[in-house]
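Here the protein sequences line up with chains Z and Y, keeping their order. 1 is the number of the first residue of the first sequence in the working numbering; add one for each residue after it. 115 is the number of the first residue of the second sequence in the working numbering; add one for each residue after it.
FYI, nobody ran anything at the bench for these hints, they're computed from the structure. Given the structure is predicted, the values throughout are model-derived calculations rather than measurements. Cβ coordinates follow ideal geometry from the N, Cα and C atoms, glycine included. The reader is advised that the hints may include incorrect statements.
[Unchecked claim] Covered by chain Y, per the in silico footprint, the following chain Z stretches (three or more residues, Cβ under 8 Å):
1) 12 to 19
2) 102 to 114
[To be verified] Over 12 Å on every C-beta distance to chain Y, these chain Z residues come out as not near it, computed from the model:
3) Gln6
4) Thr55
5) Lys68
6) Ser72
7) Ser73
8) His82
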Amino acid sequence: AQSVTQPDIHITVSEGASLELRCNYSYGATPYLFWYVQSPGQGLQLLLKYFSGDTLVQGIKGFEAEFKRSQSSFNLRKPSVHWSDAAEYFCAVGDAGNNRKLIWGLGTSLAVNP
Amino acid sequence: EAQVTQNPRYLITVTGKKLTVTCSQNMNHEYMSWYRQDPGLGLRQIYYSMNVEVTDKGDVPEGYKVSRKEKRNFPLILESPSPNQTSLYFCASSLQPGTLYEQYFGPGTRLTVT
Chain Z
1 AQSVTQPDIH
11 ITVSEGASLE
21 LRCNYSYGAT
31 PYLFWYVQSP
41 GQGLQLLLKY
51 FSGDTLVQGI
61 KGFEAEFKRS
71 QSSFNLRKPS
81 VHWSDAAEYF
91 CAVGDAGNNR
101 KLIWGLGTSL
111 AVNP
Chain Y
115 EAQVTQNPRY
125 LITVTGKKLT
135 VTCSQNMNHE
145 YMSWYRQDPG
155 LGLRQIYYSM
165 NVEVTDKGDV
175 PEGYKVSRKE
185 KRNFPLILES
195 PSPNQTSLYF
205 CASSLQPGTL
215 YEQYFGPGTR
225 LTVT
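Make a model of the complete structure from these sequences and hints.
Here it is as structure tokens:
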């Protein structure tokens, strides 16, 4: 069965530092991959997605993610974190065999120190 | 403004008292879904709807009902709420059914059942 693992439950970085949030998936074929962000008190918002093609995808708010098939990973990165990036980040995999729902990771909570 | 709205945003109720959480989207989206979010468990899908009058169970449908009589609305009904349904609930919609499409989330409804 498909699954998504976000190994880091909680990460703290200093403002201006670089960020990498990890996401590993288990899926037989080429997956559809997503990163969503949940700011405090708000719903989730799509940051970026990967379906095919260039394995480095750019998203909103200065985020990017790289799909690495050999590592079954889709890590999210940002070169310089801002205090407003403090939020919960969710990785998700689209199930092509069941095209009706996403498989969600449990999320990574990001705190940003001033 | 394109959005998904949920009401109420906060609700405290007692065991067994029927309640409805409304969800409405103004984007003419076909697909709508309900999730609950619990600490350590991430997002779990309750029900989804591929289109008007088409609904199906997600991963945790027990204790919930939904209906989709019109395209824009997808209410979540708890006929006899219990304390284990205390959670943060999100409604989401997307243009088309299927995991290729970005999901738009409402702001969430925090439900407490005592």
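May I ask which of the numbered hints given earlier this structure violates, with the numbers listed in increasing order? 1 and 3
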